[in-house]
Amino acid sequence: MEKTTTFENHLLTVSVSPHIKSPVTVEKIMWTVVACLIPPLIMATAIFGIRVLIITLISVISCVLTEAISEKALGRPITIKDGSAVITGILLAYVIPPGVPYYLPILGAVMAIFVTKHLFGGLGANIFNPALIGRAFLMATFPVAMTSAWIVPKYLKHSADALSSATPLFIVKHYGIQALIQKYGSLSYIYKNFFVGIRPGCIGETSAFLLLLGGLYLIYKGYIKWYIPVSMIGTIAFLTWIFGGEHLFEGNPLVAILSGGVMLGAFFMATDYATSPNYKTGQLIYGAGIGALTVLIRLKGGYPEGVCYAILLMNGFTPALDSWFKPERFAPPKGEKK
Amino acid sequence: MAGKPKSNFELILNGLFNENPIFRLALSMCPAVGISTTLMNGFLLGLAVLFVQVASSCTISLLKNYIHPKIRIPTYTLVIATWVTVIDLSLSAFFPTAYKAMGIFIRLIVTFSIILMRLEVFAAKNPLIPSFWDGIGMGLGFMFGMMTLGFIRELLGAGALFGHQVLPVKPLLFFILPVAGFFCVGFMMAVYNYVEFLFKKAKEKKMRG
Amino acid sequence: MKDFPRIIIGLTVACIASAFIMGVAFMLTIKAKKHNEYVEFKEAMYSALGYTHENPAPSTLQFHEVYRYILNEPKKDYMGYMIPLKNGKYCFVALNFDGNFLYKKDLNISEEEAREESAREKALSAVLNPSVKFFYANRIIIAVNNGKRVAYLLPRGFAGFKTTIKVLLALEPDYTIKGLEILEEEEDPGLGGEIEKNYFKNQFKGLTYKEITQLKVIKEPLPEEYRRILEQEREFTEEQIKKIREKYQDSHIYALTGATITSTCVTNGIKNIVKKFAYRIKVLDKIIKDQHINAVI
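Residue numbers (the numbering used here), protein chains in the order written: chain A, 1 to 338; chain B, 1001 to 1209; chain C, 2001 to 2297.
It is possible that part of the hints are untrue.
Cut-off 27 angstroms, straight-line C-alpha distance, at most; resulting in silico cross-link-like pairs (DSSO-like, lysine-lysine) [said to hold, decoys possible]:
no., chain 1, residue 1, chain 2, residue 2
1, B, Lys1064, C, Lys2002
2, A, Lys72, B, Lys1170
3, B, Lys1006, B, Lys1170
4, C, Lys2033, C, Lys2075
5, A, Lys28, A, Lys183
6, B, Lys1070, C, Lys2042
7, C, Lys2122, C, Lys2033
8, C, Lys2042, B, Lys1100
9, C, Lys2002, B, Lys1170
10, B, Lys1100, C, Lys2205
11, A, Lys183, C, Lys2033
12, C, Lys2089, C, Lys2075
Just so you know, the hints here were simulated from the structure itself, not pulled from any lab data.
Model the full assembly from the supplied sequences, consistent with the hints where possible.
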């Protein structure tokens, strides 16, 4: 009896055949993601100036350094070559406003890499997305810089006033969508510019087009699945359409998904391997949960944007989603009691 | 607790380091996280706990033979509540300025697990004198822990110490928020563990020659 | 089972002993405590009115208290005021919630005695119909100098983030806020507890009635020069204060960082207090005038 139980346990730990040896390694995936993240940076440099390039560089360098130092201090093998710290660095820079002081990303990097990643056990063992914890920490510590250091992008026509550099979501939240349309002339002008990426916002979140391109490439290569991005963006669009306007079914879903960090969050942050569920059903629910929480924070919360906190909250649900929605083949046969 | 009885001095050190209420026993974490935003708050709450701990420890160690073991926890709670009330009332009557600063902390103490735990573990089994010193040690240990947290959080969060601005800026607002209380406790626990680890290593080295 | 009597006796003795000790401590301290509270309240009153050691209150300044009661008869609710009279006694005026006069009774109680709630209850039940139940609601302290109203002082409470916040609000006769003192709060120290700091509570100072009715909280950082004026008013000349206050003071209050809920609670609380008070004092003044009450206020 004893023997059979151990035998069965042993069986369960082996994955299902066929066992294909794949050339895909962590390193390769990570550097591909980095490559996909480069075009938005070029765009941001073009519209916000050279400053954002410096911030991103500072962020990446401090993330890599923190990674090396923490791994050395904690006695782990040094893995800065696998690119995961580089991704965290880039993502951290992408979710902070372009006008912040240069020391902010350094503090964020220490929080993201050392506290969120290495104190929880290193790559793959972290519960929360490191870059977003870095942002949340910076939001709590420097509320002024993190909510007001916006830069007016070049090539953007608008009526100059006190709200020149405010993010679209801030204007929508406090003055309504009509104010946004008035500011930029027409709705089609908004769609066009927001899609290309010429709008005020965090460094890497502006260009919906380039982020979409990068995300689609990752899906095409099979590195990420479409479930999370599609369910997340879909939920945001749907719920904003219902509740976003003055009356029911009058919201503007396109502006909602083109502004804020929706595209960046959906393709590059919510899909993080370590912090998202592993199976299809869980992933669909996870994405929908992020979308619902985002809309809730945007419409009813204190902040104009909620993608960051929504992803962090759903990160906490990931282990539960994984065990609740296991695919059939891993679950014990129905009707059998333990 | 087994082995030869500790000297009074060792009992105080025990409260400060080996069995520090916050960093080793992880008791009374709620006030440690909630109140330790400034050095002064930490000091006042520590002082209040010191009073109540010593008074209750002495009372219980004197009365321990008369307390039925089945109802000891309610009796301990009664003793603590009585002392808290007496201290609260006398401070409010005779030291109104001190009461203004400490009043809200004193009323909190009734629910502190650290006091109940020391009564159960130590005062109920030991005579008056060691119980007194254990109370002092635990009170000082709690005060030390609260003041360490208060020092870190006030310095980093508000750039001040005892309410006086010492740094020109407010470096990290984060540390004033309750979350940072947990961070600080965690880091201090790590420091305590690391120091213990170093001590052990040194001891081993000594024993090997 | 054998232990039962011992347990019962043990618990009873412990309870009685601790009750005895607490009772003795209470008896020994209650008088000093009451006195301390009274002194503290007096200090808060002067400080809300803006008097300090360098700028003491005039000796002719007097405080008169008006007590408001809710009365409850079978099938009927109304309210009443205890109004201090020129002869040093009180009279009781009942009016319905629309502000119409119902009846008036004279009370045999002096202003000094009326400070004790039990004495007021005794005096009221002596003149009121026994079927009437009455409940003390709150009071208005009216500061009078040479027969002229100088200020209203309102000790009030409202819900904060954690527990009730008790404040003392001083208003000019035209309902402009003269000063705000926080009497009691148990918010988080360092976060919500900051409402006791000058840079928060002095923001209310000088708000006019119109501004108060539109008051709201904004989550913007407090401008540095405004903060300096709020914290150290004495170091600036009146002109500087006026200029800076005009620049920043509008119908908004800068929220405390990390304690938006507490800030909102205080702001809304004060808004409600002033709105209600302005309505009630108008009604009360009309009644005093219509009924020819020889009031001291």
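Going down the list of hints, with the structure as the test:
| no. | hint | verdict |
| --- | --- | --- |
| 1 | B:Lys1064 with C:Lys2002 | holds, 20 angstroms |
| 2 | A:Lys72 with B:Lys1170 | violated, 31 angstroms |
| 3 | B:Lys1006 with B:Lys1170 | violated, 45 angstroms |
| 4 | C:Lys2033 with C:Lys2075 | violated, 41 angstroms |
| 5 | A:Lys28 with A:Lys183 | violated, 44 angstroms |
| 6 | B:Lys1070 with C:Lys2042 | violated, 50 angstroms |
| 7 | C:Lys2122 with C:Lys2033 | holds, 24 angstroms |
| 8 | C:Lys2042 with B:Lys1100 | holds, 15 angstroms |
| 9 | C:Lys2002 with B:Lys1170 | violated, 65 angstroms |
| 10 | B:Lys1100 with C:Lys2205 | holds, 24 angstroms |
| 11 | A:Lys183 with C:Lys2033 | violated, 62 angstroms |
| 12 | C:Lys2089 with C:Lys2075 | violated, 31 angstroms |
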